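So the protein lines, in turn, are chains G and E.
The numbering used here puts the first residue of the first sequence at 1, with every later residue one more than the last.
The numbering used here puts the first residue of the second sequence at 1, with every later residue one more than the last.
Do not take every clue at face value.
Claimed, not checked - Restricting the straight-line Cα-Cα distance to at most 30 Å, the calculated cross-link-like pairs of lysine-lysine (DSS-like) are:
#1 G/LYS6 / E/LYS163
#2 G/LYS62 / G/LYS108
#3 G/LYS44 / G/LYS62
#4 E/LYS257 / E/LYS244
#5 E/LYS249 / E/LYS97
#6 E/LYS237 / E/LYS257
#7 G/LYS108 / G/LYS144
#8 E/LYS167 / E/LYS237
#9 E/LYS163 / E/LYS244
#10 G/LYS7 / E/LYS9
#11 G/LYS108 / E/LYS126
#12 G/LYS6 / E/LYS167
#13 G/LYS62 / E/LYS126
#14 G/LYS144 / G/LYS44
#15 G/LYS7 / E/LYS97
#16 E/LYS237 / E/LYS249
#17 G/LYS108 / G/LYS44
#18 E/LYS249 / E/LYS163
#19 E/LYS167 / G/LYS7
#20 E/LYS97 / E/LYS163
#21 E/LYS237 / G/LYS6
#22 G/LYS7 / E/LYS163
#23 E/LYS97 / G/LYS6
#24 E/LYS126 / G/LYS144
#25 E/LYS237 / E/LYS9
#26 E/LYS244 / E/LYS97
#27 G/LYS6 / E/LYS9
Because the hints were derived from the structure by calculation, they are not lab data.
The model shown is predicted, which means the values in this text are computed figures rather than measured ones.
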Amino acid sequence: MSPSQKKRFTIIGVLIVGISIATFLALQAMQSSIEYFRTPSQIKHEGFSSEQVYRVAGLVRKGSVSRLDDGVTQRFNVTDCENDVTVQYTGILPDLFREGQAIVTLGKINQESVLVASQVLAKHDENYVPNEAADAVMLAQANKCDNADGAVTY
Amino acid sequence: MNPVSIIWKFLVTVYHRLGSPREFYQIAQYTTPIFGLLSLVLFVCGAYLGLFQAPADYQQGDSFRIIYVHVPAAWLSLFVYMVMATAAAIGIIWRMKMAFVVAICSAPLGAVFTALALITGSIWGKPIWGTWWTWDARLTSELILLFLYFGVMATYHAFEERKTAEKAMAMLAIIGVVIVPIIHYSVEWWSSLHQGATIFAEGGPRMPADMLTPLILMILSFMFFYGYALFLSAQNKVLLNERKSQWVKAAISAAEK
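With the sequences and hints as input, model every part of the structure.
Structure (structure tokens):
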């Protein structure tokens, strides 16, 4: 490389390093707002304000799904297998909703510690499985917390 | 001479020949149809296996098959950016005309792949997640990538003088490269609605081979398509940039006969 090429090479190298550091620091500062959701354990440990809207994600706790007397409101627990948040939702649940499925709920948590959701989304995982294996996978998902040792990720 | 130095010499020769607009134009006349044909063959095989041979997913049913467009498009949206930024850096450091041509011709192609990834993801998201769009880290960073491509194109067209335009466009392309690792690792660094990596998941792909094979074929097909489209559009750009040179005038008059 000629001296001028070397100089331009260095400038570009320094530029990329500098911008990477700046971006890293900016992202660090924004860490909590970039997080898409909180886990039930985070809600428990960090506490919550009933004024604020939270996005809480977790697995649908096995055996927790029930329908309230009005016939259209469902209540269920989302869990990371350590802590639970009770969620109440009036509306149509996503097709993937079932026990053991990871879901994301959005809403305020009321005085009774129930998250009154305005939106419930299914969080699809990275696993793709052919139909034949469906029953085994769904059973394993529903029982995930029984076999879990501490909080699970999803 | 050992084989490594022979290959190295060959690559250096190819690099120098591709660096000359005239030689690039001539080489591209042969490589364009080869890339196009490879892309087509891989596409037909991948689409057939993906649509007719791969089993349906246990919970998504047939709607999972959109992965055969979505993942290749998303993959290419990052790959094209890396090619564009590398070409831009080569152009700036070695003042190589053809590198700028490769960079600017890559921008609209990358934008199309990015848009395709966003659109197919949205179509998939509605039935599976329950929403068309959400502001999670992966979706948001991919949208920023689309605007970066638009920015690179706009910067290039904002200058009358070509050399200024090339340098400005290249600098933006280089600066924007930080978005690539952010998009790639967004699903690991932060919680998101978008799932983690399937193909490069820890402990191997989270997908059986009969679903994975068509996906790999489609990714390869998309890569060759990018090469095909890049050669075509770069040839066009070379003719425009070099329109005052003798060889272009000669090529045009030969074509007119």
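Status of the hints after comparison with the structure:
no.	hint	result
1	G/LYS6 / E/LYS163	holds, 20 Å
2	G/LYS62 / G/LYS108	holds, 23 Å
3	G/LYS44 / G/LYS62	holds, 20 Å
4	E/LYS257 / E/LYS244	holds, 19 Å
5	E/LYS249 / E/LYS97	holds, 19 Å
6	E/LYS237 / E/LYS257	holds, 22 Å
7	G/LYS108 / G/LYS144	holds, 27 Å
8	E/LYS167 / E/LYS237	holds, 16 Å
9	E/LYS163 / E/LYS244	holds, 16 Å
10	G/LYS7 / E/LYS9	holds, 26 Å
11	G/LYS108 / E/LYS126	holds, 24 Å
12	G/LYS6 / E/LYS167	holds, 17 Å
13	G/LYS62 / E/LYS126	holds, 25 Å
14	G/LYS144 / G/LYS44	holds, 21 Å
15	G/LYS7 / E/LYS97	holds, 19 Å
16	E/LYS237 / E/LYS249	holds, 15 Å
17	G/LYS108 / G/LYS44	holds, 14 Å
18	E/LYS249 / E/LYS163	holds, 22 Å
19	E/LYS167 / G/LYS7	holds, 16 Å
20	E/LYS97 / E/LYS163	holds, 9 Å
21	E/LYS237 / G/LYS6	holds, 29 Å
22	G/LYS7 / E/LYS163	holds, 19 Å
23	E/LYS97 / G/LYS6	holds, 18 Å
24	E/LYS126 / G/LYS144	holds, 26 Å
25	E/LYS237 / E/LYS9	holds, 28 Å
26	E/LYS244 / E/LYS97	holds, 15 Å
27	G/LYS6 / E/LYS9	holds, 22 Å
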